[in-house]
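**Student:** Sequence:
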Amino acid sequence: QYSIEAELDKRGGKNFGPPNGKKMTIFFDDVSMPEVNTWGDQTTLELVRLAVEYGGFCFLDKDKRGDFKVCEDLQYLAAMQHPGGGKNDIPNRLKRNFFIFNLVLPS
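Just so we're aligned, residue 430 is where the sequence shown starts under our numbering, counting upward by one.
Note that these hints are calculated values from the structure, not bench results. Only a predicted model underlies this, so the values are computations on that prediction, with no experimental measurement involved. Among these hints, one or two may not hold up.
Claimed, not checked - Dumping the calculated BS3-like pairs for lysine-lysine here, alpha-carbon to alpha-carbon at most 27 Å:
no.: 1; residue 1: LYS452; residue 2: LYS498
no.: 2; residue 1: LYS451; residue 2: LYS516
no.: 3; residue 1: LYS516; residue 2: LYS452
no.: 4; residue 1: LYS498; residue 2: LYS516
no.: 5; residue 1: LYS439; residue 2: LYS516
no.: 6; residue 1: LYS443; residue 2: LYS516
no.: 7; residue 1: LYS493; residue 2: LYS439
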């Protein structure tokens, strides 16, 4: 969250976005890497889902904690390997936010 927020400028109120009215693409690599906890969640991917689904994050500052920070003009791209061999499948709640396609190495 901090690395994304560092690239955003305040646009007014609780709205943030890339500088000079530009658009920004955020690439999440190896989204199949986070471990599944005791409850079957992948907490890192829940943060990604929050950003993609709701268009922002919650403030982490102590005085604004719990308020929602709207992030505008962002696009999200993610990559992963097939589940198995230490790689986990991603939750359906995150999958539904992406257009998914599979690339197989040519034989």
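**Student:** Are the hints correct? Go through all of them and say.
**Tutor:** Evaluation of the provided hints:
no. : hint            : result
1   : LYS452 / LYS498 : holds, 17 Å
2   : LYS451 / LYS516 : violated, 35 Å
3   : LYS516 / LYS452 : violated, 31 Å
4   : LYS498 / LYS516 : violated, 31 Å
5   : LYS439 / LYS516 : violated, 37 Å
6   : LYS443 / LYS516 : violated, 36 Å
7   : LYS493 / LYS439 : holds, 15 Å
Of the numbered hints stated above, those contradicted by the structure are hints 2, 3, 4, 5 and 6, listed in ascending order.
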